[in-house]
Amino acid sequence: MDSSLYSGFYTSQKLVDEFNMLQDNLPITLKEKDSTEYDDNYNNDEINESTASQTSLINGKVVPPPQPAVIANAVVRKIDILQAVFNTLGGKDKLAKILKYVLDLLKLFVGRSRASITTWDPQVLQHYSKVLSQLNMRLMLKHPVTIFKIVTVACLRNFESRASIISTSLSLFRQILRFGGTPFRVVAMCQKISSTLHQISASKQSNLLQKSAPTSSHALAVVNKVWLNESSLADFIDLYYGIMDELALLHKFKLWNHATLFQWVSKHEALSWYYDIMLGLKNNWVALQDLNRAQLELEIQIQVKKRALELSSRLQDRAASPIKQQLLQDLQASNNGNTIVLERIHELERERKTVMLDLVRLSFDFLADSTDVFNLKTPPGTYALLSLASGLTGFVKLWGNAKRELSNNVPST
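Just so we're aligned: the sequence shown equals residues 1 to 413 in UniProt numbering.
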């Protein structure tokens, strides 16, 4: 009987020979397949990957698949990471934000210290200007404690003044970094409006060609499709915030001056940022749920494979047919693919950490901006402390991204 007719039926040529012997009524003896007896059509890569596991199955033991070689991570200096962060607009913004609110908190602490010194000794303020203008060695030796207090108060007041100037300059610097995007947003919005009108016109022309009565439902369908979605909402909020933020910056440059209008702009700047924060919290929360779901599915997949291997090890002591033995070998060989799954799980874990950092950062921004939106009476320094926490969280995110990018680009040693 021609065995070529059955050569594609099963990967083992021995099984085809046994089938031929059964057709000829010859006695046969079933033996366990050797791991090297495969048909030439079998994938050579799969054979190489599963050789060790197949040998362990024949010996009646389940040996874990060989672990991939561990590649040493490239050494990245912290100064290189800091430089990579600083070279981005986001990095400059976060560093300026951290420095600004650190100075604000220090200024608050210094102001309280100066007030406490003058409370202990009210005469310090009475002789403050006179002593500083007529300071000499004899006076220092005669009243050392008072002179020390006066000099301390003078240094603290000087620090407050300089810290206020630097803090204001850093705030202006951050606004300048954000400046300039509104004209492009306006152009994009106008293009979107023009596209919507074009689609409505095309829909009306299509109705005329079909000789159907024009209705407003087609126009509403186009508007619903183009505008009533999250993407359009994000574009509108981005434009809203950009206009208010840039108007406030132009007011600081003295390009316009109207007290009532400036109050209105400041109010809507805080409100538009509030909307942007809430939308960001929603998007990051949805992204976190998707990542959790994907990671859970992969972990379940690995657990199922692990359980199947445990069950397959119990079948090694029993007599198994060639087909069953082949299934066990394929199961053991598929365990080598766990490395790819584990790498994907680690990648998802990194993405989860990034999204969680964004959630924490936006939560601090939400609390800080709530004090402006609702005019909440909070202890001094609350806004600065919340904003500092937001800046540090954002900087940690940028640091991790820069470190991972540099590690991937720099060859390992």
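Calculated directly from the structure, the hints in this document are not laboratory data.
Backbone N, C-alpha and C define an ideal beta-carbon position, used for all residues, glycine too.
A few of these clues could be false.
As the list claims (entries may be wrong) - Pairwise CB distance ranges, derived in the manner of DEER restraints:
#1 206 / 254: 29 to 39 Å
#2 191 / 252: 37 to 47 Å
#3 254 / 188: 21 to 31 Å
#4 293 / 400: 17 to 27 Å
#5 207 / 86: 56 to 66 Å
#6 254 / 139: 39 to 49 Å
#7 346 / 216: 22 to 32 Å
#8 120 / 88: 45 to 55 Å
#9 79 / 257: 39 to 49 Å
Would you pick out the hints that fail for this structure and give their numbers low to high?
-> 1, 2 and 7
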